[in-house]
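There are 2 protein chains.
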Amino acid sequence: MEDTPSATPDPATSSLIASDRVEGTKVFGRDGGKLGAVHNFVVDKRSGQVAYVVVSTGGFLGLGQAYHPLPWSAFAYDEVQGGYVVQVDRRMLDGGPSFRPDSAPVFDDAYGRRISEYYASAPAA
Amino acid sequence: MEDTPSATPDPATSSLIASDRVEGTKVFGRDGGKLGAVHNFVVDKRSGQVAYVVVSTGGFLGLGQAYHPLPWSAFAYDEVQGGYVVQVDRRMLDGGPSFRPDSAPVFDDAYGRRISEYYASAPAA
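Sequence order for the protein chains is U and F.
Quick note on numbering: my numbering labels position 94 of the first sequence as 94, and the sequence is numbered without any gaps.
To convert a position in the second sequence, counted from 1, into my numbering, add 1000.
Next up, chain U with everything else stripped away, as it sits in the complex (with noise of 0.2 Å):
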């Protein structure tokens, strides 16, 4: 069976997104400002869960852009500003581990327990 076209999904009815569109989802700070956005989530391919997301941050023309991987532990979806909230501040992702566009670490489980031990021993919100 083939469905009818149907409008788009509305993210304020559903908690579902597409893979291909989390790209762009504000993140917002501790203190409220905008972090920067959502570049891409990290997914665990056995068992479907996202393990980090990967934040944009900077640039004009891609020029002075960081990516800046979080474990998604540190992230709550807040419905009224449409995007993440995460208990973070400039400096502290600044301090973290991060990349440049053109050089994706690899995703293994040495840099991903230097992700989660970085923020774990962030100071508290």
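These aren't lab readings, by the way, just hints derived from the structure by calculation.
We put the beta carbon where it would ideally sit given N, CA and C, even for glycine.
Among these hints, one or two may not hold up.
[Said to hold, decoys possible] Covered stretches of chain U, as calculated for chain F (at least 3 residues, CB under 8 Å):
1) 18 to 31
2) 34 to 46
3) 49 to 58
4) 67 to 78
[Said to hold, decoys possible] Computed far set for chain U versus chain F, every beta-carbon distance over 10 Å:
5) Q81
6) D89
7) R90
8) A120
9) S121
Assemble chain F onto chain U, guided by the hints.
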């Protein structure tokens, strides 16, 4: 701290995959033949859990291409084949919910139930 450039993720050594790289992962049916490829994941943006996988079938230059959403629970990752295996065959896929690339449905609760119920009632492999 900025990471030095390194190799792109190696699927053989990591179970993590970026959401923008899941596209194209092969999907094999219960008879071992290739059914299609992953178009995208549909993720619960609150829990971070993949709810559905949209499998793309057919279509040369997009002609006759169809998208079939299947529940995540139907998927097992096969390291040897480097793709997902589902206990579904082509006939079952063609009889289930599907949509054309230009008419994505609303992934709301009702649509989700329709997908789950269709595959739950599928005959055992």
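Checking against the hints above, which ones are violated?
none
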